[in-house]
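J.: Positions 63 to 114 (this note's numbering) are the ones given, in order, by the sequence shown.
Think of the hints as simulated: they come from the structure by calculation, not from any bench. Mixed in with the good hints there might be a few duds.
Claimed, not checked - FRET-style restraints, in silico, Cβ to Cβ:
1) N93 / T69: 28 to 36 angstroms
2) T70 / I95: 16 to 24 angstroms
3) G97 / A75: 17 to 25 angstroms
4) A75 / A96: 13 to 21 angstroms
5) E92 / R68: 17 to 25 angstroms
6) G97 / D74: 25 to 33 angstroms
7) S82 / E105: 14 to 22 angstroms
8) Y85 / D107: 28 to 36 angstroms
Quick reminder that beta carbons are idealized off the backbone N, C-alpha and C, glycines included.
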Amino acid sequence: MVPKVRTTTLIDAVRFEEVSLGYPHEWRRENGIAGYLRQILPEPDRTRRKGR
Numbered sequence: 063m064v065p066k067v068r069t070t071t072l073i074d075a076v077r078f079e080e081v082s083l084g085y086p087h088e089w090r091r092e093n094g095i096a097g098y099l100r101q102i103l104p105e106p107d108r109t110r111r112k113g114r
């Protein structure tokens, strides 16, 4: 199975978030919930790009 890749993409200064968790049978419970969570709002500093 191909793992889901969570990505952040900026297109014309609009941020798009891929946040798919996949199917429950693909989840790895040993990672815990923290491995699947990501901050969406407010925008994390790492995604802010000067000039875009």
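J.: Now, for every hint given, state plainly whether the structure supports it.
T.: Now for the hints, and whether the structure bears them out:
One distance hint, 28 to 36 angstroms for the beta-carbon pair N93 and T69, is violated here, with the actual separation near 18 angstroms. Our hint of 16 to 24 angstroms for T70 and I95 holds, since their Cβ atoms are close to 20 angstroms apart. Taking the beta carbon of each, G97 and A75 are about 30 angstroms apart, not inside 17 to 25 angstroms as hinted. Our hint of 13 to 21 angstroms for A75 and A96 is violated, since their Cβ atoms are close to 30 angstroms apart.
For E92 and R68, the hinted distance range of 17 to 25 angstroms is satisfied, since their beta carbons lie about 18 angstroms from each other. At about 31 angstroms, the beta-carbon gap between G97 and D74 stays in the expected band of 25 to 33 angstroms. Checked against the hint of 14 to 22 angstroms, the C-beta distance between S82 and E105 comes to roughly 20 angstroms, which is consistent with it. With their beta carbons about 32 angstroms apart, Y85 and D107 fall inside the hinted range of 28 to 36 angstroms.
When held up to the earlier numbered hints, the structure conflicts with 1, 3 and 4 and fits the remainder.
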